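> Knowing the structure of chain A, use the given hints to seat chain B on it.
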Amino acid sequence: MANFSTNEFKSGLKIMQDGEPCVILENEMVKPGKGQAFSRVRIRKLLSGKVVEKTFKSGDSVEGADVVDVELAYLYSDGEFWHFMNNESFEQIAADDAAVGDNKKWLVEQDVCTITLWNGKPINVAPPNFVELEITETDPGLKGDTAGTGGKPATLVTGAVVRVPLFVQIGEVIKVDTRSGEYVSRVK
Amino acid sequence: MSSIEWRPTAGWQAIKERAEMQQCIRAFFAKRDVLEVETPILARAGVTDVHLHNAVTRLQGPGMPQPQNFYLQTSPEYAMKRLLAAGSGPIFQICKVVRDDEISRRHNPEFSMLEWYRPGFDDYALMAELNLLIQQVLGCESAECLTYQQAFIQTLNIDPLDIAAKPNLLSILQKQGFADAVSESDSLDTLLQLAMSVLIEPVIGQQRPCFVSHFPASQAALARISKQDMRVSHRFELFYKGLELANGFWELADAEQQRQRFRDDNRQRKAMGLPVQPIDEHLLAALASGLPDCSGVAVGLDRLLMLRVGATDIAEVLTFPVGSA
Chain A
1 MANFSTNEFK SGLKIMQDGE PCVILENEMV KPGKGQAFSR VRIRKLLSGK VVEKTFKSGD
61 SVEGADVVDV ELAYLYSDGE FWHFMNNESF EQIAADDAAV GDNKKWLVEQ DVCTITLWNG
121 KPINVAPPNF VELEITETDP GLKGDTAGTG GKPATLVTGA VVRVPLFVQI GEVIKVDTRS
181 GEYVSRVK
Chain B
1 MSSIEWRPTA GWQAIKERAE MQQCIRAFFA KRDVLEVETP ILARAGVTDV HLHNAVTRLQ
61 GPGMPQPQNF YLQTSPEYAM KRLLAAGSGP IFQICKVVRD DEISRRHNPE FSMLEWYRPG
121 FDDYALMAEL NLLIQQVLGC ESAECLTYQQ AFIQTLNIDP LDIAAKPNLL SILQKQGFAD
181 AVSESDSLDT LLQLAMSVLI EPVIGQQRPC FVSHFPASQA ALARISKQDM RVSHRFELFY
241 KGLELANGFW ELADAEQQRQ RFRDDNRQRK AMGLPVQPID EHLLAALASG LPDCSGVAVG
301 LDRLLMLRVG ATDIAEVLTF PVGSA
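Read top to bottom, the protein sequences are chains A and B.
Per the UniProt record's numbering, the very first residue in the first sequence carries number 1; after that it's consecutive.
Per the UniProt record's numbering, the very first residue in the second sequence carries number 1; after that it's consecutive.
Misleading hints may appear alongside valid ones.
[Stated by the list, open to error] Below, computed lysine-lysine pairings styled on PhoX-like, alpha-carbon distance capped at 25 Å: (1) A:LYS14 / A:LYS45; (2) A:LYS54 / B:LYS175; (3) A:LYS45 / A:LYS10; (4) A:LYS57 / A:LYS104; (5) A:LYS121 / A:LYS152; (6) A:LYS104 / A:LYS45; (7) A:LYS104 / A:LYS54; (8) A:LYS57 / A:LYS14; (9) A:LYS50 / A:LYS121; (10) A:LYS175 / A:LYS152; (11) A:LYS152 / A:LYS104; (12) A:LYS14 / A:LYS50; (13) A:LYS57 / B:LYS166; (14) A:LYS104 / A:LYS10; (15) A:LYS45 / B:LYS175; (16) A:LYS57 / B:LYS175; (17) B:LYS166 / A:LYS54; (18) B:LYS270 / A:LYS57; (19) A:LYS50 / B:LYS175; (20) A:LYS175 / A:LYS104; (21) B:LYS241 / A:LYS54; (22) A:LYS188 / A:LYS121; (23) A:LYS121 / A:LYS104; (24) A:LYS121 / A:LYS175.
[What the hints assert, rightly or not] Taking beta-carbon pairs under 7 Å as the criterion, some of the chain B residues facing chain A (in silico): (25) HIS51; (26) SER104; (27) PHE178; (28) ALA181; (29) GLU184; (30) THR190; (31) GLN193; (32) SER197; (33) ALA221; (34) GLU244; (35) ASN247.
If you are wondering where the hints come from, they were derived from the structure by calculation, not from laboratory data.
Here the structure is a predicted model, which means the values were calculated and not measured.
Backbone N, C-alpha and C define an ideal beta-carbon position, used for all residues, glycine too.
Pulled out of the complex, with its shape left as it was, chain A reads as follows:
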């Protein structure tokens, strides 16, 4: 993988730090009028998710990270791996629990997800912003209550739990925003 000098730093660039692929969030030069220049960057470590600050001498180089995002359709899980397929090449890739993480509860068959690959291996799975899932369990709501003051918890087919209005019932399919984990609407 290519090396990048500090002048090539920009937000979104993927670099290796502490043995981990990272993405640059922010880059700022500090330089006294008559002194050495330095680059201060904020980076997110892509495996641990930690955000840290690093400082380099201007002109120094760091190793790039072979990190790419691909759009793949979710197929199924065998309990150990979550399988995805490229809808054009039909090539399949399996992501492990560490890569899927909490997002496993938003995976819907045939939905196209963004898979981050590091050296060809999945390290993160991002579901679509909105998914549609069926309710498998929730208390029967009070009839006539349509305003829904606080709502009630509902368990979805994937195991995800979201707060829904009182009028929403078992067996209905709802639309959820995966970024906030919030109910959006019923799906007819």
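This is chain B only, laid out in the frame that chain A set:
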């Protein structure tokens, strides 16, 4: 409709504030009989400073059939010293200068500088005058004053003039999260410069401007070395609210010492793989003929304006910063 960003990044308020600030500065110097001058932005020599990079252009024309390198000046210092040596008396200039490889929220490659020289002033007298000017432009309190040594002892408990301070300073920087930026092979000056930028500049001069005087002799630049203490020079800077605003010297007037410093810079440049710079013989000839005893200071006007209008990004006070120029 084009989607290209053609409008100024500065608001009209900042654009008007700049005009007012410059009127205020011109009135300040008119009252003191300091003459406003102009000098070239393009010259056959640039600077040798290892941490300053001249932008270079090529000119040709009648009398210059072959294109020649001309250096965009990083400060009007050399030309203004030629005026002083020619007998100008006190002079000031408001001009654009250019420094390559400097882009950030507080740097733009071309920026506005106020520079002035005072024959008969030492560094203290010039700091006092700058203190008055800053108060008029910013409406702030009178500045406090620390020596470089005090600033380091007060903030980091390190004596920057102690040549044995390097291991301690290195370990402080490493512990504070700068391990990737520094190593044992760095000079003490490099470590001091980083510590100044990231550990000292953010804490000093928060309530009122803060002068830092008596920079180490190894960072004297164009200042004379102190006769009382050879470890320090008569170089000072001014900081306020985390911004480096000004750099001044009780000027070195000795042509031979100046030539030696240029040569030392070029030797260091060679060792660092940087281009060796032509030496400004016009300046050295002027110094040799006799530069009056004087002090001079350069002030970054865009940063001054940032403080005046409360901007956090230099783009807020520039009509068209480098990204949209």
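> Would you mind marking each hint as holding or not holding in the structure?
Hints, verified against the model:
1. As the CA atoms of LYS14 of chain A and LYS45 of chain A are separated by approximately 10 Å, the hinted pair is consistent with the 25 Å bound.
2. In summary, the hint linking LYS54 of chain A to LYS175 of chain B is supported, as the alpha carbons are separated by about 12 Å, within the 25 Å threshold.
3. Taken as a hint, the LYS45 of chain A and LYS10 of chain A pair is honoured in the structure, with Cα atoms around 15 Å apart against an allowance of 25 Å.
4. Restraint check: the Cα-Cα separation between LYS57 of chain A and LYS104 of chain A comes to about 41 Å, which exceeds 25 Å; the hinted pair is violated.
5. Taking the CA atoms of LYS121 of chain A and LYS152 of chain A, the gap is near 39 Å; set against the 25 Å cutoff, the hint is violated.
6. The straight-line distance between the Cα atoms of LYS104 of chain A and LYS45 of chain A is roughly 21 Å, inside the 25 Å bound, and the hint therefore holds.
7. Distance check on the hinted pair: LYS104 of chain A and LYS54 of chain A sit about 32 Å apart at the alpha-carbon level, beyond 25 Å; violated.
8. For a cut-off of 25 Å, the pair hint linking LYS57 of chain A to LYS14 of chain A stands: about 18 Å separates their Cα positions.
9. Using a Cα cut-off of 25 Å, the hinted pair LYS50 of chain A and LYS121 of chain A holds, with the two alpha carbons roughly 20 Å apart.
10. Of the supplied pair hints, the one linking LYS175 of chain A and LYS152 of chain A holds, its CA atoms being roughly 16 Å apart against a limit of 25 Å.
11. Restraint check: the Cα-Cα separation between LYS152 of chain A and LYS104 of chain A comes to about 22 Å, which is no more than 25 Å; the hinted pair holds.
12. As the CA atoms of LYS14 of chain A and LYS50 of chain A are separated by approximately 14 Å, the hinted pair is consistent with the 25 Å bound.
13. This hinted pair checks out: LYS57 of chain A and LYS166 of chain B have alpha carbons roughly 18 Å apart, not beyond 25 Å.
14. Annotation: proposed proximity of LYS104 of chain A to LYS10 of chain A is violated, straight-line Cα distance about 31 Å (limit 25 Å).
15. This hinted pair checks out: LYS45 of chain A and LYS175 of chain B have alpha carbons roughly 20 Å apart, not beyond 25 Å.
16. For the given pair, LYS57 of chain A sits about 17 Å from LYS175 of chain B by alpha-carbon distance, which is consistent with the 25 Å threshold.
17. Distance check on the hinted pair: LYS166 of chain B and LYS54 of chain A sit about 21 Å apart at the alpha-carbon level, within 25 Å; holds.
18. The straight-line distance between the Cα atoms of LYS270 of chain B and LYS57 of chain A is roughly 18 Å, inside the 25 Å bound, and the hint therefore holds.
19. Restraint check: the Cα-Cα separation between LYS50 of chain A and LYS175 of chain B comes to about 19 Å, which is no more than 25 Å; the hinted pair holds.
20. For the hint pairing LYS175 of chain A with LYS104 of chain A, the CA-to-CA distance comes to about 16 Å; that is within 25 Å, so the pair holds.
21. Between LYS241 of chain B and LYS54 of chain A the alpha-carbon distance is near 23 Å, which keeps this suggested pair within the 25 Å criterion.
22. A C-alpha spacing of about 38 Å is found between LYS188 of chain A and LYS121 of chain A, which places the hinted pair above 25 Å, so the restraint is violated.
23. Using a Cα cut-off of 25 Å, the hinted pair LYS121 of chain A and LYS104 of chain A holds, with the two alpha carbons roughly 17 Å apart.
24. Under the criterion of a C-alpha separation no larger than 25 Å, the hint pairing LYS121 of chain A with LYS175 of chain A is inconsistent with the structure, at around 30 Å.
25. The interface hint given for HIS51 of chain B is met, as the beta carbon of that residue sits about 5 Å from the closest beta carbon of chain A, less than 7 Å.
26. A distance limit of 7 Å between C-beta atoms decides the matter here; for SER104 of chain B the minimum to chain A is near 4 Å, and the interface restraint holds.
27. Below 7 Å, beta-carbon pairs count as interface contacts, and PHE178 of chain B has one with chain A at about 5 Å; its hint therefore holds.
28. Residue-level restraint check for ALA181 of chain B holds (minimum Cβ-Cβ distance to chain A is 4 Å; threshold 7 Å).
29. Taking 7 Å as the C-beta contact cut-off toward chain A, the hint placing GLU184 of chain B at the interface is violated, the least distance being around 14 Å.
30. A least Cβ separation of about 5 Å between THR190 of chain B and chain A falls short of the 7 Å threshold, and the interface hint therefore holds.
31. With a cut of 7 Å, the hint placing GLN193 of chain B at the interface with chain A holds, because the nearest CB-to-CB distance is about 3 Å.
32. Hint on SER197 of chain B holds. Least Cβ distance to chain A is approximately 5 Å, under the 7 Å limit.
33. Because the closest C-beta pair between ALA221 of chain B and chain A is about 5 Å apart, less than 7 Å, the hint holds.
34. At a threshold of 7 Å, the smallest CB-CB gap from GLU244 of chain B to chain A is about 6 Å, leaving the interface hint in force.
35. About 5 Å separates the beta-carbon of ASN247 of chain B from the nearest beta-carbon of chain A, less than 7 Å, and the hint is met.
Hint compliance for this structure: hints 4, 5, 7, 14, 22, 24, 29 are broken, all remaining hints hold.
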